[in-house]
Structure formats: structure tokens, C-alpha cells
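J.: Sequence order for the protein chains is A and B. Read in order, the letters of the first sequence correspond to residues 0 to 276 in numbering that gives the first Met the number 0. Read in order, the letters of the second sequence correspond to residues 0 to 360 in numbering that gives the first Met the number 0.
Derived from the structure by calculation, the hints contain no laboratory data. The reader is advised that the hints may include incorrect statements.
To be verified - Here are the computed lysine-lysine pairs in the DSS-like style, where the Cα-Cα straight-line distance is at most 27 Å:
#1 B/K198 to A/K41
#2 B/K29 to A/K41
#3 B/K135 to A/K41
#4 A/K131 to B/K263
#5 B/K135 to A/K45
Predicted model, so just to flag it, every value in this text is computed and none were measured.
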Amino acid sequence: MYLNFSFGAKGLWAAISILLVFILGVYSSASALTAEEVLTIKAYEKVAPSVVNLTTQVCEAEFFYCATPSITGSGSGVVLREDGLIITNSHVVSGAQTIRVVLSDGRRLEARITASDPDDDLAVIKVDVGDKPLRAIALGDSDSLRVGQRVLAVGNPFGLGQTLTSGVISMTDRTIRDNETVLKNLIQTDAPINPGNSGGALINLDGELVGLCTAILSPTGSSIRIGFALPVKRIKAAAPELMHPWHKITGWVVVILLAAWFLRRIYRNPSRHYDMG
Amino acid sequence: MRSTRILSSALLVFFFAFTSLAIALTEEEKNNIDLYERLAPGVVNITSTVMEHDFFLNVIPRKGTGSGSIIDSRGFILTNNHVIGNGKLEVTLADGKKYTAGLMGSDPDTDLAVLKIDAPKESLTVIPMGDSASLKVGQKAMAIGNPFGLGQTLTTGVVSSVGRTMRSENGTLVEDIIQTDASINPGNSGGPLIDSSGKLIGITTAIFSPTGASVGIGFAIPIDTAKRIVDDLIEKGYYSYPFLGATMMNLFPDIAEVLRLPVKAGAMVVETTPGGPADKAGVRGGSRRAQIGNNIISVGGDVVVSVNEVQVPDADTVIREIRKLHPGDKIQLGIVRWDGTSGTLTVTLGEKPRGVRARQP
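Work the whole structure out from these sequences, hints included.
T.: Have a look at this one:
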């Protein structure tokens with residue numbers, strides 16, 4: 000009886016120790032990355048295909064009037080719809096003659112501006128994706144953001160290529176003033192944002208878009224870890240209008256209808272007066 | 000009864016004290032602190048002193064500072080070539096002890112150098128080498144170094160991207176560069192980039208910055224590149240690169256179209272080194288000049304379209320293919336000439352001429 004019990008205990012101990020070794024082995028191979036790293040890697044891998052690099056080009060005549068192509072700017076963009084609708088900052092694309100989009104799979108496509116809203120610093124551009132649809136980003140919630148929460152910025156700083164930077168939310172609801180525009184309700188972050196990050200994604204650790212990197216405060220023009228992003232709420236509000244720019248046409252339609260009505264009145268009135276008089 | 004109560008309350012107090020201590024730090028913070036405490040003694044400050052003459056011909060010492068990591072208990076220190084300069088080298092360990100260092104070898108092409116100090120084994124903490132091929136964008140990267148000569152400093156961030164290419168000071172291509180947003184500043188050069196398991200994954204080398212200080216874009220040379228070179232630097236004092244002896248430029252489709260070439264993309268040979276391996280094999284360099292936009296380029300040279308039957312879309316790929324080989328190896332260059340003929344030339348790779356600082360143990 001006693002022997003049997005001791006054998007059982009030994010078996011049990013062996014099983015437990017094997018289990019322990021197994022758990023330790025799995026744990027140590029898993030613990031090569033901390034939980035936070037795993038979250039960051041997953042979030043990046045989720046959004047990386049949805050962030051694109053933009054190169055804008057302006058043709059200028061040089062001193063001898065020989066037109067030379069000059070690459071003037073780089074920026075980023077975020078894919079809103081699978082058919083090639085991309086949102087970016089209007090200051091990235093305004094005035095550009097050609098906009099070249101480099102997708103994360105290496106495809107280079109030409110884009111055209113569909114709509115632009117300089118007051119919100121938002122613009123929507125469109126590329127022809129052919130039979131390979133893009134991956135649209137998941138839109139998050141910018142109202143529930145808390146100061147101190149981890150965020151990641153994905154963009155194309157200085158035109159280097161796709162880059163991930165990490166930081167926290169430094170403040171929400173900031174208002175900044177440029178000499179032309181006032182931007183309200185911005186998210187402030189200490190994730191390094193540099194020229195070229197404009198129009199890129201600010202995401203949470205779930206890989207959802209919470210903001211669009213837009214501006215920085217810096218005496219040098221490059222990151223001192225004070226960056227600003229437009230909250231995704233603003234994009235959600237502006238997107239339907241930007242995606243279907245009916246308002247551009249409605250204005251003209253109303254003008255034409257009014258003019259037709261007015262002309263008709265002018266044309267018909269004298270005869271009536273004449274009749275009545 | 001009273002004593003039990005005192006004992007239990009004391010236990011309770013202890014329990015709370017310890018749990019609160021334990022939860023005061025997150026897992027991430029504990030990991031940072033543990034790694035710093037474990038590995039910081041393995042990071043050294045390197046001072047390179049050069050004697051210069053001022054306007055009145057007085058001798059004045061000029062000091063440059065950088066960082067390095069101890070990679071072997073024999074006292075070998077891995078750092079950047081641009082840190083050591085041409086000066087007298089002094090290494091300060093984390094505990095403040097100073098040693099005169101000897102130069103084992105340097106490689107300007109990858110901007111790496113190995114120093115040696117004669118320090119007792121017990122005062123040397125070795126930073127284990129990791130693996131940079133399996134790095135993922137988003138994982139943690141920590142840099143320990145000596146920014147602006149301030150003294151030992153820890154900065155953390157994430158891996159921002161992998162596989163960037165960079166040109167080193169003498170213009171050669173360095174590949175698979177790791178980009179990080181951990182703050183890297185002048186003086187961090189040569190220091191280690193460490194992953195969350197405490198392994199060396201890179202040597203912080205350069206930053207991209209319009210201002211000269213960190214803007215969140217730092218670059219590190221991958222440890223896999225260093226591993227390939229370090230043994231040779233310790234044994235021979237140099238690393239021998241294979242040498243083709245041809246300067247090439249990228250032939251992009253738009254340029255190929257303008258030049259009415261029979262190929263779409265490749266590497267166009269601009270110039271060959273007289274008597275070099277490519278020249279001996281019959282590769283032809285450029286013969287005429289042409290203007291494309293604002294650039295004047297030398298045209299008429301052979302266009303390399305494949306190396307050992309691997310298609311090459313640009314000049315960097317040729318370099319990459321050749322880097323995999325050793326001096327003395329034979330390669331098959333697939334070329335297209337301007338008259339439309341194409342063929343294969345066999346080139347025996349030479350050894351790249353070196354302009355390296357001599358070994359001073």
C-alpha cells in the first residue's frame with residue numbers, strides 16, 4: 000500500500016516536473032517578447048497595409064525655362080475604402096501636379112484629388128487599384144482616448160519609407176493656430192512625428208485609427224516629441240461629404256436654376272404688363 | 000491571543016507592503032530596469048584624443064566621445080569605426096575605471112571596429128549577441144550609450160522599420176539597417192541596441208536629423224552583419240570584401256527609354272577600374288556623355304542584367320549578390336550591350352583595396 004502510494008507520488012512528481020519544464024520552455028520562448036511588444040507588433044502588422052506613402056511633384060521652369068521635375072514633398076495617407084479611396088492632409092497634396100502613391104506591397108500608382116477641405120486640413124485622393132483591392136483601416140473612437148494611453152504613429156517621415164514610432168497621448172482637445180488656419184480638438188502625442196508623417200495614421204494598440212497626424216510644434220521643424228493629430232471623429236464627420244462631393248455640383252445646379260427662373264421672368268414679364276396695362 | 004493578533008497584523012502589513020511594491024511597477028518597467036541593471040556594466044565610454052595644432056602652433060588635444068559594448072570576456076569591445084577616428088583611445092568602464100585601448104581591427108565599409116582592453120575578467124560584463132534577422136517592427140529596442148558625453152544613459156523605443164539601406168562614410172552600401180525611435184544622439188554612436196530579452200541586436204550608428212540631435216529617427220547596424228565581420232577583425236585586423244572593380248548606376252525604366260536601350264532595368268557600368276577584375280573580363284565602361292534633365296551621365300557602358308542568373312533590377316542588387324561571395328570566387332555576369340547584343344562574362348572577383356588604419360594592439 001505504502002509502496003504503491005509512493006510510486007503514485009513519484010509518477011505524479013514526474014508528471015508535474017515534466018509539465019513544469021514544458022510550461023517553462025513555452026513561457027521562456029514566449030517571453031522573448033513582452034506582452035506589450037506582442038500588442039505593438041500585432042497592431043502594426045494590422046495597419047501597415049493600410050498606410051501609404053505619397054510623393055508629390057511640382058514641375059517648375061528653371062532659370063533657362065527648361066522644365067525640370069522637382070520632387071517637392073512627401074507625405075502619408077490612410078486607406079479609407081478598398082476601392083482606393085485614401086485620406087490625407089490637404090496641405091500634403093494641395094498644389095501638387097502629380098501625386099504618386101507607394102503602397103506597402105511596393106505598387107506605385109498615380110492618384111488624383113477627389114475632394115479637399117483646407118479648413119479641416121483634410122483631403123481625399125483616389126487611386127485605381129485594378130483587381131487588387133487595398134486593405135481599409137478600421138476606424139476607432141477618438142472620444143474615449145485617455146491621456147497616458149499608448150499610441151503608435153505609422154507614416155513616411157522625410158520620405159524614408161514606412162516607419163513606426165510609439166508614444167503616449169500627451170493631451171486631448173488641443174487647439175493650435177497657424178497664421179492661416181485654426182485647428183481645434185486635436186490629439187497631442189509624444190510619438191515622434193516628423194515632416195512626411197503628415198496624413199499618416201495614429202493608431203491605438205487595437206490597430207484602430209484614432210487620429211490623422213497633421214502638425215507638430217517645433218522650433219527646428221523636426222520632431223521634439225510634440226505632435227498633433229486630427230481626431231478620427233472629424234474624419235468620420237467629414238468623410239461622407241469628401242467621398243461624394245455633391246456640394247460642388249449642387250452650388251452650380253442652384254445657380255443655373257435660379258438664372259433660368261430669373262431669365263424666364265424677365266422674358267415673360269413685359270408682355271404680361273403690356274397685356275394688363 | 001494578543002501576540003497572535005500582533006503577529007497577524009504585522010503579517011498583513013508586510014503582505015501589503017510587498018504587494019504594493021510589486022504592483023508599483025508594470026511588467027514593462029521591470030523588464031527595462033532588469034535589463035539596464037544587468038547590461039549597463041557591459042557598455043563602455045570611448046574617448047578618442049587627437050593632438051592638433053592651433054593657430055599659434057600650440058598642441059591642443061581634441062576629444063571625441065562615443066560608446067561601445069563588451070562582446071567577449073577577453074576584453075574585446077565592439078564600436079563604430081567613426082568613433083575611434085585617428086586618435087589615442089581610452090575606454091572607461093561603467094564603474095569608472097579607465098583603460099588604454101588597442102585597436103584590433105576596423106572596417107570602414109560597415110563602420111565597425113573592435114578594440115581590446117587588458118582588464119580583469121571579473122570587471123567585464125559581456126553583452127550576449129542576439130539575432131537581427133528575426134526582428135519585428137514594433138518590438139522594443141533599448142539603447143544604452145553616452146549621448147553628448149553626459150555619461151551612461153538609457154533610452155527606449157520600438158523598432159521602427161527593418162531592412163533600410165544606408166551609405167557609410169566612404170560611400171559603401173550597408174544593408175538591413177534597423178531604424179528605431181529610441182532617442183539616439185551624438186555620443187551614442189557605437190553603443191548597443193538591445194531587445195527585451197537582453198540580447199545585442201544592433202550597433203547604434205547614425206541618425207537622420209536636420210538639427211543634429213534626435214528627432215526620433217535613429218539607425219543601427221544589424222548584429223548579423225557584425226557577427227560576419229567581427230571574427231575577421233579580431234584575427235586579421237580587416238575584413239576582405241570581394242571586388243568587382245566597376246562603378247555602376249541604376250538604370251530605371253524611364254532612363255532606359257530615353258536612352259533607347261534594349262533593356263528595361265539593370266545596372267549600367269559607368270566606369271571600370273583599369274586592370275581590375277571586371278576590366279580583365281572584358282566589361283566595358285561608359286564612353287560618351289549624355290544629359291538627362293539636369294544630370295550629366297556617362298553612357299555607353301554595358302548593362303548588367305543578371306549576376307549568377309539572378310535578375311538585377313538596380314546597382315544595389317549587384318552589390319548585394321557580390322557581397323555574398325568571397326575574393327577569388329567566379330561569377331557569371333549577364334550583360335546587354337548598346338548595340339543590342341547580349342551575353343555572359345565570367346569574372347574572377349578580386350580583393351577590395353583597403354585604406355584601413357593599421358592595427359595597434
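J.: The structure should be examined with respect to each hint, and the outcome stated for every one.
T.: Against the structure, the hints:
no.	hint	verdict
1	B/K198 to A/K41	holds, 22 Å
2	B/K29 to A/K41	holds, 22 Å
3	B/K135 to A/K41	holds, 10 Å
4	A/K131 to B/K263	holds, 24 Å
5	B/K135 to A/K45	holds, 13 Å
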